[in-house]
Amino acid sequence: MKLRLATAAALALTLTACAPSTSSPSDAPSDGGARTGTLKVWLFDEPNRAPKEKVVQEAIAEFTASHPDTSVDVQYIAVDTRSERFKGAFNDPGSAPDVVEYGNTDLPEYAAAGGLADVGALADADLTADARASATYEGTLLGVPWYLGVRALYYRTDLFQELGLKPPATLAEVTSTARTIREKKPDLFGIAVGGKYTYAAMPFVWANGGEITDIDSAPARAGLKAYTDLIAPDNCPPQQCADLTGGKTVDLFASGKAAMGILGNFNRAAVDAGVAKGKYAVVPLPGVAAGSVAPAFAGGNNLGIMKNAQRPALAADFLTLLASKKYQSKMYDAMGNLPTLKSASDEIAGKDPFVKPFLDTIAAGTKFVPLDPGWGKIDSSAVLPTMIEKVATGKASVDQATADAAREIDAALTK
Amino acid sequence: MRSRFTPLWLLLPAGIVLAALFAYPMYQLGLISVLDFTQAQVSGGQPTRFVGPDNYTRLLGDGQFWSVLLATVGFAAACVVATLAVGAALAVLLTRISRIPRLLLSLAAMAAWAVPAVSGSTVWMFLFDTDLGFVNQLLGLDGHNWFYGRWSAFTLVGAAVVWAAFPFVMVTLYAGISAIPGSVVEAAALDGATTWRTFWQILVPMLRPVLAIVVIQSIIWDFKIFTQIYVMTRGGGLAGQNLTLNVYAYQQAFASSEYGLGSAIGVVTMLILLAVTLLYLRTLRRSGEPL
Numbered sequence: 001m002k003l004r005l006a007t008a009a010a011l012a013l014t015l016t017a018c019a020p021s022t023s024s025p026s027d028a029p030s031d032g033g034a035r036t037g038t039l040k041v042w043l044f045d046e047p048n049r050a051p052k053e054k055v056v057q058e059a060i061a062e063f064t065a066s067h068p069d070t071s072v073d074v075q076y077i078a079v080d081t082r083s084e085r086f087k088g089a090f091n092d093p094g095s096a097p098d099v100v101e102y103g104n105t106d107l108p109e110y111a112a113a114g115g116l117a118d119v120g121a122l123a124d125a126d127l128t129a130d131a132r133a134s135a136t137y138e139g140t141l142l143g144v145p146w147y148l149g150v151r152a153l154y155y156r157t158d159l160f161q162e163l164g165l166k167p168p169a170t171l172a173e174v175t176s177t178a179r180t181i182r183e184k185k186p187d188l189f190g191i192a193v194g195g196k197y198t199y200a201a202m203p204f205v206w207a208n209g210g211e212i213t214d215i216d217s218a219p220a221r222a223g224l225k226a227y228t229d230l231i232a233p234d235n236c237p238p239q240q241c242a243d244l245t246g247g248k249t250v251d252l253f254a255s256g257k258a259a260m261g262i263l264g265n266f267n268r269a270a271v272d273a274g275v276a277k278g279k280y281a282v283v284p285l286p287g288v289a290a291g292s293v294a295p296a297f298a299g300g301n302n303l304g305i306m307k308n309a310q311r312p313a314l315a316a317d318f319l320t321l322l323a324s325k326k327y328q329s330k331m332y333d334a335m336g337n338l339p340t341l342k343s344a345s346d347e348i349a350g351k352d353p354f355v356k357p358f359l360d361t362i363a364a365g366t367k368f369v370p371l372d373p374g375w376g377k378i379d380s381s382a383v384l385p386t387m388i389e390k391v392a393t394g395k396a397s398v399d400q401a402t403a404d405a406a407r408e409i410d411a412a413l414t415k
Numbered sequence: 416m417r418s419r420f421t422p423l424w425l426l427l428p429a430g431i432v433l434a435a436l437f438a439y440p441m442y443q444l445g446l447i448s449v450l451d452f453t454q455a456q457v458s459g460g461q462p463t464r465f466v467g468p469d470n471y472t473r474l475l476g477d478g479q480f481w482s483v484l485l486a487t488v489g490f491a492a493a494c495v496v497a498t499l500a501v502g503a504a505l506a507v508l509l510t511r512i513s514r515i516p517r518l519l520l521s522l523a524a525m526a527a528w529a530v531p532a533v534s535g536s537t538v539w540m541f542l543f544d545t546d547l548g549f550v551n552q553l554l555g556l557d558g559h560n561w562f563y564g565r566w567s568a569f570t571l572v573g574a575a576v577v578w579a580a581f582p583f584v585m586v587t588l589y590a591g592i593s594a595i596p597g598s599v600v601e602a603a604a605l606d607g608a609t610t611w612r613t614f615w616q617i618l619v620p621m622l623r624p625v626l627a628i629v630v631i632q633s634i635i636w637d638f639k640i641f642t643q644i645y646v647m648t649r650g651g652g653l654a655g656q657n658l659t660l661n662v663y664a665y666q667q668a669f670a671s672s673e674y675g676l677g678s679a680i681g682v683v684t685m686l687i688l689l690a691v692t693l694l695y696l697r698t699l700r701r702s703g704e705p706l
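Sequence order for the protein chains is Z and C. Counted the way the working numbering counts, the first sequence spans residues 1 to 415. Counted the way the working numbering counts, the second sequence spans residues 416 to 706.
Rather than coming from a laboratory, the hints here were simulated on the basis of the structure. Here the structure is a predicted model, which is why all the values come from computation and not from measurement. By construction, the Cβ of each residue, glycine as well, lies at the ideal position given by its N, Cα and C atoms. Be aware that a few hints might be false.
When the alpha-carbon atoms are kept at most 20 Å apart in a straight line, the in silico EDC-like pairs for lysine to aspartate or glutamate are as follows [as the list claims (entries may be wrong)]: (1) Z:Lys248 - C:Asp557; (2) Z:Lys257 - C:Asp557; (3) Z:Lys248 - C:Asp544; (4) Z:Lys257 - C:Asp544; (5) Z:Lys185 - C:Asp546; (6) Z:Lys185 - C:Asp557; (7) Z:Lys257 - C:Asp546; (8) Z:Lys87 - Z:Asp45; (9) Z:Lys87 - C:Asp451; (10) Z:Lys248 - C:Asp546; (11) Z:Lys257 - Z:Asp272.
Pulled a few chain C residues facing chain Z out of the computed Cβ check, cut under 7 Å [to be verified]: (12) Tyr563; (13) Gln666; (14) Gln667.
Whole structure, please, built from the sequences with the hints as guidance.
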C-alpha cells in the first residue's frame, strides 16, 4: 500500500511541475552580433524558382565580396507550411534564421508573437506610402516591403474585337459585358470568378465603399451582391464556379475558357503558357463611377529580421542589399514582381508597358486586410469564402450571409 | 515469495510507459484547454492566462459546433455501418472461394489499404473532377460538380472512407471466421440452415469479441475522419457544408494557433468517443456472456 501511495505522490509531483511549454524570446545581441560566419536566410519557394534563385545568388556574391569571412545559407521554404516553420523559429531561437521573407498578410500574427525586429532604420525614403503602411504594425515598421502584387482585369482582345465590345469602364459594365459574351458564346465564361477567390471579391466591396471590418454595411452588401451576381448561369454557373479558387480562374483564362479574369501581374507567365498568349490585354479593374479604379488588394512580401537573429548587423546589411533598387529591378526581370521603390517602378514602367495597368491600380490607391492578429483566424476559418459561397449557392441571402460573417469577424478582431 | 503486491510490481513497467505516453499528453490537453493559449503565449510574447471554462463555453455556445457535431455523428455512423457490411460480406466471400480468386481479392484489398489517405483521396477527387474526371466522361455528364450538393459530396467522401477502411474489417473477420471449427458450420448445414441464417446465428455470436474490436476501431476512426474530407472537399466543402469535427477543429483552432480552443475541442471529442465506446461495450456485455 505504501508503495502505491509513493508512486501516486511521485506521479502527482511530476505532473504539477509541468506547465505548458513557453519559450522566452532571447533578445538579439545588442552589439549587432558576430560580423563573420554564416548568415541564415529564409525565402519563399516559388513554382518556378530558378530565376529567383539566380538573382539571390548574385546578391550573395556581392554581399560576401564586401563582407569577408561570411557565407549566406539560403533556405527556400514552402509557402503552404510557412506558418509551421515560422512558429517553430519563434519558439526555438537556436534554429531561427536571421533574415526572412514573409507575406504581408502574415505580419500581425508574427508581430503579436513578438518574432520580428524593428527595421525602421533600414527603410528607404523612396518606399511608397501604401507599401510602408502594409509593413507597419502598431507604429513600428517590422519589415521592408520587397515587392508588390496587385490584380487587374485581363481580357481577350480577339473575342472583344469579334463581338464589337469595348473594355468595361465601370463595374456595372464588367457584369453586362460578361453576360453579353456568355450569351453570344455559351461555351465560354464571361468573366472567371470563384467563391474562394476573396481577393477578386473584395475590390467589388471596396469600390462600393464597404470595408472588411464592416461587411454588413449597406455599401459592402451592394459590393458583395455585384460580385455574387456574377456566379450565375448567365456568366459563370455556381455548379462550376462556386468553389473556384483564384488559381483555378487563372487556369480558366489561360486555357481560353473565360473571356475575362481578375488576375495579378504575377500571373503573366501562367497566362502566356496557355492559349490566351498574345490575345489579351490588361486594364485596371474599374470602379463604380466611369474613370475610377476599384481599390485592389495590396498583396506582397516583406523582408524582415528575426528578433532572435544571431547576427542582426550582418542581417541588416544583407536585407538592405536585397531590398535595394538594383535587386528589386532584377527581381522584376526574373519573376515579374512589382518593386516597392518608386524610382525602380518608374524605371520599369518606362520600358515595359505591361506593368502600366498594375502601376495605375497602385497609384489609384490600394487596400489591405485588417492589420490585426485576428486576421489569421478570419483567414484560416474561411469566413469570407464561406460568405461568398453561401450567397452564390443560394444557401443564404446577402443580408444573412454578411450578418454571419460580420459576427465572426468582430469576434476574431476584438479577441 | 509471493505477496499481494506482486501483480502491482509486474504491472509497473507497463504502467509507467502508459502514463508517459497517454496520461501526460492528456493532462497537458486538459490544462491547455483552460488557458488562453495562442502562438503569442507559446513564443513568450504574452503571458499565459487562466481563463477557466471560457474555451468550453465559447465552443458550446457556437451554433456551428453543434451542426458540425451532428453531421459528424451521422457521417461516422453511416461509414461504420457501410464499412462493416462490405467488410463482413467480403470476409464471408473469402471463405467460400477457391485459392486464386481469394488471393486476388486479398491483394486488391491490401492495395486499397496500403494507399496513403492523401493519395487515395486525391485519386478519388480526380476521378470525380468536374471538367476532366473519368466518371463524368464515362457518364457523359459534362460539367457536373459532384461536390456541389451536400449529400452527394458526403456520399463520395464516405465511399472513399469505406474503400480505405473495409480491408481491415475484412481481414480481421476472415481470421475470426477461419478460427471457427468447421464442424460447427457443417453441423448447421446438416440441420438445413441457410447461409444467411448460419451467418447471423452461428458466425456472428462466435465472432463477438472480434466484432467488438472492429466496431470500436471503426467508430473511432470514422469519427475522427480528417484527410478525406480535407482533401476531397477542399477543407470542408462549399460554405462549410461538409465540415466534420476534426476539420472544424483544425480550421477554428490549430490553423489560427488558438491552442486553448483546439484543446477544448479535443477534450470534448475524447469524452464523446469514450462514452460511445463504454456504451457499446456495456450493451455487448448485457446481451451475452462477458467478452
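- [ ] Could you tell me which of the hints above the structure violates, numbers in ascending order?
- [x] none
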